[in-house]
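Trainee: Okay, here's what each chain looks like letter by letter:
2 protein chains.
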Amino acid sequence: MSELLQVTERTTLKRAPRRGSFDRETIYRILDEAFVCHVGFTIDQRPVVIPTAYARVGDDLLIHGSTVSRMLITLAMEVDVCVTVTLIDGLVLARSAFDHSLNYRSVMIFGKAKVLIDRQEKLAALRAFTEQIIPRRWDEVRPPNVQELKATTVLVLPLQEVSAKIRTGAPIDNEQDYELDIWAGVIPLKLSVGEPIADERLKEGISIPPSVLNYK
Amino acid sequence: MSELLQVTERTTLKRAPRRGSFDRETIYRILDEAFVCHVGFTIDQRPVVIPTAYARVGDDLLIHGSTVSRMLITLAMEVDVCVTVTLIDGLVLARSAFDHSLNYRSVMIFGKAKVLIDRQEKLAALRAFTEQIIPRRWDEVRPPNVQELKATTVLVLPLQEVSAKIRTGAPIDNEQDYELDIWAGVIPLKLSVGEPIADERLKEGISIPPSVLNYK
Numbered sequence: 395m396s397e398l399l400q401v402t403e404r405t406t407l408k409r410a411p412r413r414g415s416f417d418r419e420t421i422y423r424i425l426d427e428a429f430v431c432h433v434g435f436t437i438d439q440r441p442v443v444i445p446t447a448y449a450r451v452g453d454d455l456l457i458h459g460s461t462v463s464r465m466l467i468t469l470a471m472e473v474d475v476c477v478t479v480t481l482i483d484g485l486v487l488a489r490s491a492f493d494h495s496l497n498y499r500s501v502m503i504f505g506k507a508k509v510l511i512d513r514q515e516k517l518a519a520l521r522a523f524t525e526q527i528i529p530r531r532w533d534e535v536r537p538p539n540v541q542e543l544k545a546t547t548v549l550v551l552p553l554q555e556v557s558a559k560i561r562t563g564a565p566i567d568n569e570q571d572y573e574l575d576i577w578a579g580v581i582p583l584k585l586s587v588g589e590p591i592a593d594e595r596l597k598e599g600i601s602i603p604p605s606v607l608n609y610k
Numbered sequence: 395m396s397e398l399l400q401v402t403e404r405t406t407l408k409r410a411p412r413r414g415s416f417d418r419e420t421i422y423r424i425l426d427e428a429f430v431c432h433v434g435f436t437i438d439q440r441p442v443v444i445p446t447a448y449a450r451v452g453d454d455l456l457i458h459g460s461t462v463s464r465m466l467i468t469l470a471m472e473v474d475v476c477v478t479v480t481l482i483d484g485l486v487l488a489r490s491a492f493d494h495s496l497n498y499r500s501v502m503i504f505g506k507a508k509v510l511i512d513r514q515e516k517l518a519a520l521r522a523f524t525e526q527i528i529p530r531r532w533d534e535v536r537p538p539n540v541q542e543l544k545a546t547t548v549l550v551l552p553l554q555e556v557s558a559k560i561r562t563g564a565p566i567d568n569e570q571d572y573e574l575d576i577w578a579g580v581i582p583l584k585l586s587v588g589e590p591i592a593d594e595r596l597k598e599g600i601s602i603p604p605s606v607l608n609y610k
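From first to last, the protein sequence lines stand for chains A and B. Okay, so the first sequence: first residue is 395 according to the working numbering, each after it adds one. Okay, so the second sequence: first residue is 395 according to the working numbering, each after it adds one.
Just so you know, the hints here were simulated from the structure itself, not pulled from any lab data.
Straight line, CA to CA, 20 Å or less: simulated SDA-like cross-link-like pairs of lysine to any residue:
id: 1; chain 1: A; residue 1: K584; chain 2: B; residue 2: N497
id: 2; chain 1: A; residue 1: K506; chain 2: A; residue 2: T436
id: 3; chain 1: B; residue 1: K597; chain 2: A; residue 2: Y572
id: 4; chain 1: B; residue 1: K597; chain 2: A; residue 2: A564
id: 5; chain 1: B; residue 1: K610; chain 2: A; residue 2: G588
id: 6; chain 1: B; residue 1: K584; chain 2: A; residue 2: D483
id: 7; chain 1: B; residue 1: K610; chain 2: A; residue 2: P582
id: 8; chain 1: A; residue 1: K610; chain 2: B; residue 2: I581
id: 9; chain 1: A; residue 1: K584; chain 2: B; residue 2: L481
id: 10; chain 1: B; residue 1: K584; chain 2: A; residue 2: V587
id: 11; chain 1: B; residue 1: K597; chain 2: A; residue 2: I576
id: 12; chain 1: A; residue 1: K597; chain 2: B; residue 2: A564
id: 13; chain 1: B; residue 1: K584; chain 2: A; residue 2: G588
My request is simple: use the sequences and hints to build the entire structure.
Mentor: Written out as structure tokens, the structure is:
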């Protein structure tokens, strides 16, 4: 059975609480489907929101970047951070303009991140970033060398103060609006995959690997 | 000719400045393609990042929501806000794990938002929200009534302190890695549109309208 996370002041849904979820399994399913998050923190008391790739490993969210990145230097000081992950699932077209909406699944994580120091743990984290984006790719490529590991900061944010917010399904119109002669419904949206484009400098005779063939 | 926006301390790209753009046309093209942003602000000195729909109208970004939304109440106090819009365009698969990347286009907006008071301007804003998500839908649906307008707060954020960050194209490997027998290239990604799903309570004889038929 999946675990229910503790609700805190910050993760309490002030609006539309029926859309909230504190179920760990539900939250992890969203985090495992996406791979880009928006990281919010403050610099000089002012908010900054930066998109970046992430990986979920167990009960942690990992983010990484160059050791000289302003975001990573700031977060490494263990300041408060809010990380939000959003998947867009559809346009919800109601009979009234007012009741138009979006179907989406989002996760918000509050906390403070810590720098990963141990070299083996860092290497495992870098593997996780690659696998979050494209499973099985890691074993096909050249692994990071000592300089590359040194040039990378990995931050760990525990998945403790977390909530999901989800909207699914049909539009919800005012009862009297259902009588109007107006089309209503949902247009599903999905991040979809195009044909792989081989690098121009690809050596001859190299075929598309399993990670790319199986990517969906 | 397109206008170059002024670069400020906050919009200076600290990392990979070659990926930055301060060209208004480039920025607006990204804002017009997307419709969901991540809004960052602080509550009790701690960051919060919330996904929400937006519309671009001229040199303003508009966001809206219920008058009792905590986000809108907070932003209405003209606090600092950072709004980030991100489009994911592809997975960039290099020969080394380290040089894996994403193709994306993102826009960051810094500033303070103001509440829109005028009823005609509010109505025009609500139209813009609908049109940003699905062009031509507004004329097909029931427009907002007085109560609905009253229940909605619209905020205007001027597009003054804005920058774009863009990565496109092939992976960039270390020169010696091009000799490795490893496939490299790009997997294009795109938010794509599924078949519209009519509402179960749709009145008989109502066909799919032009806005939905032409949506892409």
